[in-house]
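**Q** Those sequence lines, one after another, are chains A and B.
In terms of full-length UniProt numbering, the first sequence opens at residue 1 and continues consecutively.
In terms of full-length UniProt numbering, the second sequence opens at residue 1 and continues consecutively.
Bear in mind the hints are in silico, worked out from the structure with no lab data behind them.
Don't take every hint at face value.
If several chains are the same, the list does not tell them apart, and a pair holds so long as it fits within one copy or across any two.
The calculated lysine-lysine pairs, modelled on BS3-like cross-linking and capped at a C-alpha distance of 27 Å, are [as the list claims (entries may be wrong)]: (1) K587 - K352; (2) K587 - K452; (3) K611 - K452; (4) K150 - K213; (5) K613 - K452.
Listed below, chain by chain, are the residues.
Protein chains: 2
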Amino acid sequence: MVAGMQQVVDVAAEAAPRVPVPPGRPFLRALGANLKETFFPDDPFRAVAREPGRGRRALAALRYLFPCLEWLPSYTFGALRSDLIAGITVASLAVPQGISYAKLADLPPIIGLYSSFVPALVYAVMGSSRDLAVGSMAVGSLLFAAMLGKEAPPAESPELYLHLAFTATFFAGVFQAGLGALRLGFVVDFLSHAAIVGFMGGAATVVCLQQLKGLLGLQHFTTATDVVAVMRAVFSQTQLWRWQSVVLGCCILVFLLSTRFFSKRRPNFFWVSAAAPLASVIFGSVLVYLIHGQNHGIQVIGNLKMGINPSSVNSLILSPPHMMVALKTGIITGLIGLAEGIAVGRSFAMAKNYHIDGNKEMIAFGLMNIVGSCTSCYLTAGPFSRSAVNVNAGCKTAMSNAVMAVAVAITLLFLTPLFHYTPLVVLSAIIIAAMLGVIDFPAAARLWNVDKVDFCVCLGSYLGVVFGNIEIGLSIAVGISILRILLFVARPRTTVLGNMPNSTIYRRMDQYTMARTVPGVLVLHIDAPIYFANASYLRERISRWIDEEEDRIKAAGEESLQCVVLDMGAVASIDTSGTKLIEDIKKSLDRRSIQTALANPGSEVMKKLDKSKVLGFISDEWIFQTVGEACEYALQNFKIAKGVERADHIV
Amino acid sequence: MVAGMQQVVDVAAEAAPRVPVPPGRPFLRALGANLKETFFPDDPFRAVAREPGRGRRALAALRYLFPCLEWLPSYTFGALRSDLIAGITVASLAVPQGISYAKLADLPPIIGLYSSFVPALVYAVMGSSRDLAVGSMAVGSLLFAAMLGKEAPPAESPELYLHLAFTATFFAGVFQAGLGALRLGFVVDFLSHAAIVGFMGGAATVVCLQQLKGLLGLQHFTTATDVVAVMRAVFSQTQLWRWQSVVLGCCILVFLLSTRFFSKRRPNFFWVSAAAPLASVIFGSVLVYLIHGQNHGIQVIGNLKMGINPSSVNSLILSPPHMMVALKTGIITGLIGLAEGIAVGRSFAMAKNYHIDGNKEMIAFGLMNIVGSCTSCYLTAGPFSRSAVNVNAGCKTAMSNAVMAVAVAITLLFLTPLFHYTPLVVLSAIIIAAMLGVIDFPAAARLWNVDKVDFCVCLGSYLGVVFGNIEIGLSIAVGISILRILLFVARPRTTVLGNMPNSTIYRRMDQYTMARTVPGVLVLHIDAPIYFANASYLRERISRWIDEEEDRIKAAGEESLQCVVLDMGAVASIDTSGTKLIEDIKKSLDRRSIQTALANPGSEVMKKLDKSKVLGFISDEWIFQTVGEACEYALQNFKIAKGVERADHIV
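Taking the hints into account, I'd like the entire structure generated from these sequences.
**A** Here is the structure:
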């Protein structure tokens, strides 16, 4: 009997190991390969490297840097017509929205128009999305007002505030371009979809509440953004509410919402809702001009300077102490701008089946904001509402942005005096209408249905924004998301595998009811990398599995546990705590005279086990390609050891 | 042809799905089960619940709360003799070490003796380790001096400093017991083995440097712990160095190190190195007494009060502002004490094949420190050096702690006057000798060999401690460790699987050179949960795999890509971004007329796919238990679609 077992052992020891240890690579080459996988997953220079000849390679590199070179050579007249229509439609939305958002950011309204001109041109050259329409964003504007307003209240020091806004835009651009150039695009990925839904919903709520100032015709208001402070500010001055303003605002709001509703029902009439803001502005301005509304409690925009963007290079504040707040604002708003812009760009690209390079988009956004900050623009990104109008209007390429820029430039050069009588309450109504579309209840309901943790992330960031401020909301969202990842790694699931009938396949017994255990063998599946964070958990959990199995065997009167097979197929990685864990399990099982076997370890795991000498301790004999092989071998071994001939337990 | 394919589809649609969707569980029950897996992985009350009858269950619960009840009933005279020997041996080390570490913490030496009495008794009752010897720890002492010394310099306000130390001990205990009671033991797991090696090495280096003060007989010294400040303090006062002190210190250090070396070579003579510190103390004291060394530049301890621990309940400072620094110190030192104590306890438990419940240990440590803080003790834990002596001396149960406590109590009651002439330099030598053993070069070398990231963690925390301070070192270590987990999830490896010859098994082609691709089918293996953090990375990486495969096929002139099989066996979990990714992949492959198939999705993944309606979109027909089935089915389908009869590609 013993001789027989010895023979099996000898044969196994002489044969090549079933699972090979990958050959060692020089440290620097392994590091290089890892860095490439981490930072260049999409191998962006593949297209360049493939071209033959130096000249063509240079051309390919240029095309890589300036995506407009990809579509310009084959640009057709048909595409130009489509882009013209789309660009003009977007411009009719961009002008009133630009002015509104600039007011939201406590900036002069003209800055909002400037911001739809130069950045859009930059994006037309650098951007890789065909659908994104560039412009300022509501959340970013609100953040500017909240964060920079503390350092330099715009009512007291408007010039410093303006300079801070340019500086923050500059830093946002540098941060965005830097992230893209350093291939750190994944930073944005840590803002999950759920976090963005909750965060945007919260910001939209806050923005709407802020608009009560304009809607009620109030002169003084709080700079705080949380719901409590805003409500207190609104209801502490009920005697100052202006009914004229309220009536006009509500009418316009109802008009805007019903056009949106109409356009949603009939997608062919997309232009109705796209042109509605401009129509409201014209209607409001004419009305105020006719009835002299400015004398009846309706505030108007007032004079707007004519002419395109002046330079603002000299306005940048690049020395402390004011620089610090601009830096912080720039980083936070830059990140949010990227997250929204890239998410919007990707979802439209997915619908039209082309690809957007996240890192390239970041560089485009960054340059757009750097150039913008030097030409009197503030933070721009690719807001959803504007881009959706662009897509509905049938845009074909980024040329639609250039068309919009030209239309805005014409407005700046010739039409600004027309906005003198535009009432602020109309702008508030435009913002509220835009923001109500951002609060996405169905998405939140979907999150609740599919994934409760994601719903918590969403709700947490919403409540954080509404009751705290935008930074608190963001921190809550990112915090819960990261905690979830850490918890996943800290508490991996271990499951018992059973043999599927009439096969050598082993599957989770809690998932497949027909799976059956193999007598005397316990197969455990670990579904996460074994790291320091879960090594002691796994030690406790696995020893509990074994104890429970032995209790069960004792109760059922079956034969005792002979072998524990660890299915390592899902263990992607292992660190020194992990190899120590495997060693400890082997040792403690040896003491109980139970054999330890590993099934399907990956190359990473094999390498680490080999280097830490744990592989030799377990011995190649007990390492298998599949769980089936492991169980079969274990059963044979016990049979030989016991000298008993039994029917095969597995097929 | 089309009819044939239709038939296959119909059959598949009628049959039960190959991979079942787990039945939905009520939200609260699912939450409960998840919480249990997360917080009670070891099911601690199993032993209690198993007992029949209320009385026996109460007894089992008592045994669970007070582990001493487990071994006391069966305690034998033989075990008592072993514990007596071990306890007295440890006490001979504990007395000089206690005094030394108290000096290190800038506390009166007598506090060090107090701290080896009461906490050891508490641990004897509450502790579940049979090997741990309780006492103050060097790193904790150093942290007390560094953190509390800033708030209340012990030279200026010794009483406030003392009270702060008791308060910090109290908070450490509350924090430890709280972590245990809330089952948050996994917080400690985030201090990886690598981090602890580097951190302890750094702390030991810093402690040794600090001892230059005692060794050189200096009176004034820096409170900073970084190497630069200490070196400056040492070399700025070379004229004050005392050669008498240096000579005595070096002699004792050589003596201590050579006894340690001797005991390591001959484990039977463990008591030589255990008793060496006491011997040094006696020798040093006698020498100083005889030559009146205190008049020749050798500082001595001076008077020690007789009597056991007085109460210190009234010394606790439980109101701001002083409370805050004590709170912070308590939390950090409590965490480090737990990490070291549990690691030491577990490694000895592993060697003797019994189990330590981490959460129970935390409660024991916590109570030990809470009771200690009320009886004039400062932070205690289970330091390695003392526990190793305990084990070598042959301890059997926690009774050895009680024996040590009694021996220390006898010292306190009758022998304290004998320490009057003990020179401080001897204490410094004792600390240096203990700390040199803590710097673990072989462990660092092993980390470098096995896992470069772990080595970075180790080196980072070492350098952080040595050149910054202990908190910086800790933050670096925890930061790198967490970054590694996040990076693992953010950048999962995707690999192509190939068919192993003569089987239906599919394995990674980069690991098994004999694996072959199936023409027309690309099998991709994803080895991490699909979360928001990696969804867009996976989108890019998978589309690059497909592009590369199509390029390869075009170059090789093979038949075009028909089906992409995603092996989900290692995808343990998925969130809403993940289900969106699967949906997007399916859509974009549909547009390229490539079929999408999923192989071996787990129950968690199936549930999420079902709830998000992605399952219906992919259809049960294209979800398989194994990769082999998926490939076979895909090949059959293409054959029918093309009406071509070819030889089977797979066996």
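**Q** If a hint holds in the structure, say so; if it doesn't, say that too.
**A** Against the structure, the hints come out as follows:
In this homomeric assembly, K587 and K352 come within 27 Å of each other (Cα to Cα) only across copies, at 11 Å, whereas the closest approach inside a single copy is 57 Å. In the homo-oligomer, the alpha carbons of K587 and K452 lie at most 27 Å apart only across protomers (26 Å), although the nearest pairing inside one protomer, at 40 Å, exceeds that limit. For a Cα distance limit of 27 Å, the shortest separation of K611 from K452 across copies, 12 Å, qualifies, whereas the shortest one inside one copy, 41 Å, does not. In this assembly of identical chains, the alpha carbons of K150 and K213 lie at most 27 Å apart only when taken from the same copy (19 Å versus 50 Å across copies).
In this assembly of identical chains, K613 and K452 lie within 27 Å of each other by CA distance solely across copies; the values are 16 Å between and 43 Å within a copy.
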